[in-house]
Amino acid sequence: MTVKWLYYWQPSIGVTMSSQTLSIAIKRIEALHGVKTSRWQITASQFRPNQREPVPLVECARELLGVVFSEVPDKYYFALRQEHMVVEADATMQAIMEKLQVYRNRLTILFEGFQYELGDFHIKAGRAVLAHTENLRGIVLEVDYKPLSSVEQSRRVVQDFMEVWQKGETTGQFVPLDPNFSEFNLPDLYSWQHTALQYVTLMAFVFSQQRT
Amino acid sequence: MGVHEDFMMQSGYFSMEKYGAMQQPSPTPSTPSTGFMGPRSSPLFSNAVDQPEPPPPTGQDVDRPNSMSSGQDSDQAPPRHLANALDGLGRAVRHIADVRSGADLLLEALDAAAQVRSHGAGNKKPSDRIQKAADAMRIALDALRATGKELEAAGVLNGAQQRFEENGLWNSPVPFVAPDGWLVPYAWKRQIAGQAAATAYERARLALKAFTEQKRRFFPGLAATTTSVTGTKRPRSEGSETTDTAEPSLPDLLRRIQPETQGMVVTPYERLAWVKKSNLKAGMSTTFASRVLTSNSSLSVRHGNAGTPQQPPQAGVDNPTSSTRQAEKIAVLEASIPSVLVAVVSVIPAGSLYPDAVALFSPAEAGGHIQAWGVSQHKLYQRLSEHVTATLHQLLQQDRTSALELLLRWLLSYRTLFTQQCS
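In order, the protein sequences belong to chains D and C.
So for the first sequence, our numbering puts the first residue at 4; every next one is plus one.
So for the second sequence, our numbering puts the first residue at 45; every next one is plus one.
Be a bit skeptical, because a hint or two may be false.
[Said to hold, decoys possible] So, partial list: chain D residues that the calculated Cβ filter (under 10 Å) puts toward chain C:
hint	residue
1	M4
2	I16
3	G17
4	D123
5	K149
6	S152
7	S153
8	E155
9	Q156
10	S157
11	R158
12	V160
13	G175
14	N188
15	D191
Worth flagging that the hints you see were computed from the coordinates, not collected in a lab.
The beta carbon of each residue, even a glycine, is placed where N, CA and C say it ideally should be.
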């Protein structure tokens, strides 16, 4: 699978974040003759166990972070931070969880936007909003370098690309998200699990931003 | 008028030039074709880009009949007319040449007369010469006048005045008369024509040479007619040859390269086996899965084939007993630098050392298009393929026997393609 790198918008000091940033980013992409292809949407949710009894009967995970991609609608990915695992489940998992009521959905963030093609790079530009509200939480950029599948090999290429792409931007910059894949036992060969981990990390980051 | 007629004379050459270089200025720097007068003032194109007639896209041969038939009602068919016109113009040019040489003669005679007079010898001779020269000139001028009148009557010279005015403002160098009587206003035209002929000959020779080589490669049976040093190479039976004495064989090369090229794995395949493999891979989603599955499940496919690919960690050559027997069938080499690129090299004739084509692909790509002549899906690898093909041909030109080895080593240098900074 081709490698994706996530970038998160960090506004400069004193500048407030707004949807303007997204339109600026899209303009930049289109200036490089990027071709708009489709919409994309990724839902990241945080689950907490439903504690009815004071003492939990079953050993279970304290926190489940789930991600679903619009590109892979039949799979649901979970990242378990304590256990350092990324697991893949079927999409019906959501229905099952709702029926069982073991875990409760506490927070959900929706990443959505448009996908562009720039030669060998496929860029997804979008915003992060809290589900069921229109609260803008962040601007997200995902750079997908098509020719490569290895995380290490593509790191430099994508970094250089982003450097060139955001040259001259004063209101802020896109900061790369570098989750530690090795901690979660993920190999160098990129896969959807890597993506799941990236988005989950991003979601956690967004939450932490929200509190500050 | 002289300038105008010259174009007609060299019409064959011109129309050829015009086909190719309609919008471009003339090649030499000395001509002010697109200089101060603009593109239309070039003598080469004035016939085509003209005020009176609309410029036809084809050469000026079509131009002429139009002007002629518009000039007068002609009973003759246009080609005849054209031939007559060209004939007439040819005659005119010759007359002009005569006039010029007559003028030279006259000058010579006058000069001789002056010398004779200063020496005080008999003055009968120089005056005779002067007379003769003057007569010659008069005759030539009369003939020229007559031809000119003819051409004018035939309507060949329509628009010539405008053209001359357009072009006459040049300071053209004095035209010189070539030995066959043709007036060449610009010496370089002749030279270029000569050069074109020379290069054409050279190119034809090279093309012939290339074709005979190809013939030898693809039809080894016909190789008997060639006299060049490199004949068809067939590897010897047992792998005991050294690189100096006998013809080096492919398994030897692979064995030799293996310890030196860390990071690159070269695996040989039979051509058919490669096609099967690439088609098999087309159904796989990830290369990891394909590597595992193809080696396990398609063992039966490759059982009867020679040069079966091994697991990547091992060297690319089989155990000696089977390798020598089947070394002759190895036609495709897959050189892969894990997670950077995969190169497919086709070797012709099978089993020898001569690479024929090479193409680069992403290690994630799968499909029937991964052949030595295929094109990658990614622009990056397309570019790289072009580059490597150019290198391949360069290496082949320099030294055919070591081309494959050098190519493989050069490919190895790409292992830091994505990690090392461009210098």
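Verification of the supplied hints:
Taking 10 Å as the C-beta contact cut-off toward chain C, the hint placing M4 of chain D at the interface holds, the least distance being around 7 Å. Because the closest C-beta pair between I16 of chain D and chain C is about 31 Å apart, greater than 10 Å, the hint is violated. Here the hint on G17 of chain D is broken, as its CB sits about 34 Å from the closest CB of chain C, past 10 Å. Of the supplied interface hints, the one on D123 of chain D holds, with its beta-carbon coming within about 5 Å of a beta-carbon of chain C, less than 10 Å.
Annotation: K149 of chain D was flagged as interfacial toward chain C, and the flag holds, the nearest CB pair being 5 Å apart, inside 10 Å. For S152 of chain D, the shortest C-beta to C-beta distance to chain C is roughly 4 Å, which falls under 10 Å, so the interface hint holds. Annotation: S153 of chain D was flagged as interfacial toward chain C, and the flag holds, the nearest CB pair being 4 Å apart, inside 10 Å. For E155 of chain D, the interface hint holds, since its Cβ comes within 10 Å of a Cβ in chain C; the closest pair sits about 8 Å apart.
The beta carbon of Q156 of chain D is positioned within 10 Å of a beta carbon in chain C (closest approach about 4 Å), and the interface hint is therefore held. A cut of 10 Å between beta carbons decides the hint on S157 of chain D: the least distance to chain C is about 6 Å, and the hint holds. With a least beta-carbon distance of about 8 Å to chain C, the hint placing R158 of chain D at the interface is held under the 10 Å criterion. Checking V160 of chain D against chain C by beta carbon gives a least distance of about 5 Å; that is within 10 Å, so the hint holds.
The restraint placing G175 of chain D at the interface with chain C is violated, with a minimum CB-CB distance near 27 Å, outside the 10 Å limit. Contact between N188 of chain D and chain C, as hinted, is not supported at the beta carbon level, the nearest pair being about 16 Å apart and thus beyond 10 Å. Because the smallest distance between the Cβ of D191 of chain D and any Cβ of chain C comes to about 7 Å, under 10 Å, the interface hint for this residue holds.
Checked against the numbered hints listed earlier, the structure breaks hints 2, 3, 13, 14; every other hint is satisfied.
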